[in-house]
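All chains should be modelled from the sequences, with the hints used to inform the complete structure.
Chains A and B are the protein sequences, given in the same order. Going by the numbering used here, the first sequence opens with residue 793, and the numbers climb by one from there. Going by the numbering used here, the second sequence opens with residue 793, and the numbers climb by one from there.
You may find that some hints are simply not true.
For lysine to aspartate or glutamate, the following EDC-like pairs were computed, each having C-alpha atoms within a straight-line distance of at most 16 angstroms [said to hold, decoys possible]: (1) A:Lys1196 to B:Glu1118; (2) B:Lys998 to A:Asp1335; (3) B:Lys1127 to A:Glu1133; (4) B:Lys1134 to A:Glu1133; (5) A:Lys1196 to B:Asp1149; (6) A:Lys821 to A:Asp1215; (7) B:Lys1134 to A:Asp840; (8) A:Lys998 to B:Asp1154; (9) A:Lys906 to B:Glu1170; (10) A:Lys1134 to B:Asp1135; (11) B:Lys906 to A:Asp1335; (12) A:Lys1127 to B:Glu1118.
Hint data in this document are derived by calculation from the structure and do not stem from the laboratory. The structure presented is a predicted model; accordingly, all values stated were derived computationally and were not measured.
Number of protein chains: 2
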Amino acid sequence: MSGRNRLIYLPLGGAGEIGMNAYVYGYGKPGKERMILVDLGIAFPDMDTTPGVDVIVPDIAWLTENIDRLEAIFITHGHEDHVGGVGHLYNQLKKPVHARAFTANLARRKLTEKGQDPKNVHVAAPFPEMIEAGPFQVGFLPVSHSIPESNALVIDSPAGRILHTGDFKIDRSPVVGEPFDEALWAEAAKPGVRALVCDSTNVFSKHAGRSEAEVAPNLKPLVAGAKGMFVATTFASNVARLQSLAVAGEAAGRSICLMGRAMRRMTEAAREEGILTDFPKTVSPEEAADIPRENLMLIVTGSQGERRAASAQLSRGKYFGMELIEGDTFLFSSKTIPGNEKDVARIMNNLSEMGVDVVTDDDGLYHVSGHANRPDLEAVHKIVDPQIVIPMHGEHRHLREHAKVAEGLGRTGIVVPNGTMVDLSGNEPQVVDHIEAGRTYLDGSALVGQFDGVVRDRIRMALNGHVVVAVMVDDDNEVLEDTWVEVRGLPELVRGSAVLATMMEEHLAGQLARVDTRTANDDAKLEEVITRGVRKVAQDEIDKRPEVTVLITRLTAD
Amino acid sequence: MSGRNRLIYLPLGGAGEIGMNAYVYGYGKPGKERMILVDLGIAFPDMDTTPGVDVIVPDIAWLTENIDRLEAIFITHGHEDHVGGVGHLYNQLKKPVHARAFTANLARRKLTEKGQDPKNVHVAAPFPEMIEAGPFQVGFLPVSHSIPESNALVIDSPAGRILHTGDFKIDRSPVVGEPFDEALWAEAAKPGVRALVCDSTNVFSKHAGRSEAEVAPNLKPLVAGAKGMFVATTFASNVARLQSLAVAGEAAGRSICLMGRAMRRMTEAAREEGILTDFPKTVSPEEAADIPRENLMLIVTGSQGERRAASAQLSRGKYFGMELIEGDTFLFSSKTIPGNEKDVARIMNNLSEMGVDVVTDDDGLYHVSGHANRPDLEAVHKIVDPQIVIPMHGEHRHLREHAKVAEGLGRTGIVVPNGTMVDLSGNEPQVVDHIEAGRTYLDGSALVGQFDGVVRDRIRMALNGHVVVAVMVDDDNEVLEDTWVEVRGLPELVRGSAVLATMMEEHLAGQLARVDTRTANDDAKLEEVITRGVRKVAQDEIDKRPEVTVLITRLTAD
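Structure below.
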């Protein structure tokens, strides 16, 4: 067995979550497979599980341990959950990055930001052009999504062809960028496809997906009918939507002003790569200040309620000289990603307090999804007609449902969660290994492991508060009387007037006067006694169990 | 002016949020109005804004300052956001509590839990019976909702009648409890209604609401078709749903087992008050263990993903001897409240990993809302035909939209957010005062004010980490060399191997050796120097700005 070449698939991120995509393919003798990495994305932190963290990237420890076997990195498209990790992790990988022009433009900016050479990013031509990477030949097969130049990857190995869809929808009129080209997909599938590794995001959506082109006709009358300033927010990377919005604004006699860094970066990249050719002329916020509000349309970042983005800023007051007032209209040309509901609602409520009319996509008029719904997934299964379907880009429930869909259509569908290595060379796919595939946190400028305890400690302090105790032990191993206690994140006063820290100090004073020399001499033991004492007071007085840090200073005779 | 009697309305909670309902009505000379309180609910904390908090209640400081003017408390129904604060805040109010029998049963349990006399809760008969409370006469007008015995309140004062809807929907076949009785409502409205104070939760839902009776016919085939164990979760207080679920289980030859404390409390109260008369016989978890899984139905708490509730426990493994396996079915007969999406998804993914089939209400088959949708609100505006509509029970955007609906139907609609006192006696409602109406946190057993800084400090520690520094200053005002630094919620090592705390200690040692006597002598100044030093190292090394606590011990000669 150990001598046979095999084709392996190993998701390091994206299979068990929506975000942080990173998929490894390998071909060769077991343990010696030459590998490629498809996508290297980020996930976004939240207060519940990752407070204070800036960005989450896949744990690539296994990959870096086997770095000499990695040939190249292929990026399907420019969304942050696919390309966002390239900047943060490049210095650990240092392999050629291949992407289509628009995505390459974004990837280069990321390398440059991190002081890496942007020349490591190579622009790929679309399929049938193929790029060689060790035993693999890889082609970029254009597909419609919610960002220009999305691609499936055609991955050829001696053990057969894989079609890795990336993110996609079936859209034959995507406004900007390449439409779904069924003939080209059929051509790519013609030699036979061993495995379809397939986007699962919308597997629970039962109706056929809608085209981006359906949005523009609804936007026009909405913008035309608005009285005051018109503000629209959407994903900055949805360049087609930006175009539809701007065209609707222009048609209503409004000047277009883009606000938010991502908005400017995306349109800049799209212009540089020749994707945006007939975007209406825009004005700067400074110029906008002189334009009557009824002749102005702002297109802004922050559709997910991000606190520092333009939408949130505008909902709190002035932002770059712009200020919303009663009679203005604010459109969410977007869907709220699960988990962001409260942040989005906060903005809507702020706007409501200002008297701004908020328009959402409740009726499905002003937004369409970028992912294939269940009937579209089924259509693609049929076009590609693979032997195996491996669902990806989904939480476990999405993957499982998608595998059922595949089985329902008579194909082998298997759930391969992050960290599971599958051999795709035999008649049936076989799980051959499990590797550690967790998350790494970018925290400030430090990379922190998921299990390092840093985030766990933050969560505990947030839930329980933190009590800090300083004690001194003299050179006779006597604990000195004046123990000092400070509390953070706990009430200062209890029962109206008693000072919690003082109560703890008094309790400890009594307790420490009684400790024996052995305890006083042993940092760990002394810490335990103090922690227990502090927690007893907290429990009795306020029914909390705080985190406790004890600083023991041992005085030594000079 | 000061001599004229007036009728005032003052929401202390619930008008600007969904949760924590508390509405004051008063009648009398300005500043001397005799008052009643309608509802006293809680809101639920979240990690983003209230980490570690157990329960949120309205800030009733204004009410307790004017406690001698409060006549009584009226509770519309038994949901926690209406009755949940009665236990926590009773000792500050100590006024008679009036409620219908089922709600009174729940309220009594809350008083008993807090060591208060449950006899303070009085059972009210339904309208047209009226209860006198100072200048008010108050009647409980039955209405359909998602819990038995919900009521609107008919509030008569010398300045006219108010109809306070409480939570409601228009349901003429609610399975359990009183249907919406249009004739009775019309009778209550007949003398003329000055103001309709009205539920706004579903004002953005454009279709007419659906009856609870629509759910049962969908449940039956689902349960009948299930192979393994059948588990259903819903709100424990939705007794009608529990009944529909249990009946569907019984029809499919399954024994019914209720799991979760709230589930048992609610059915117990409903039985005690004669509301549940034909609920199928249930078995205990111990008895259930001996029943084949295909003959068993669990009805469990935790539809919102609460981590300690039965659903979450079952999704993590064994719970009271029950364990789910492949082929079992788990039904969410519920809607996910915004903000709970991730917690609910976590359970679904755990269940998916176990091979359990998860069924949700995506297609609207297994759940109906308990609140009136927009057409139903319009219907009630017409039935009651008030002069003024005051939207309540909603975020600002709901209140504003609901006021627009009222205006659209030709009535005065006004948004009255928490803390706004409105005089309803004149021709037009007039804002006459603003009072502080925030939130109070029940944290362990302590009540913590929203602006006390406790929660702010917790959030800061969670986002930034916490550095603790102990320094000693001798009796010559010299800072001793061995400063001790501990970090919590920050990486221990930076750049692979350097110890962050040690780097801070070294930096501080250098810095403290140079401080002058005046600084060393002044706690505030010394703390500032140390905080700045610690933050400089954190900034330089990991680009974080931690919270810092400095403990200064001053050694004095014995």
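Problem - Structure versus earlier hints - violations, ascending order - result: As far as the earlier hints go, 2, 9, 12 are violated by this structure, in ascending order.
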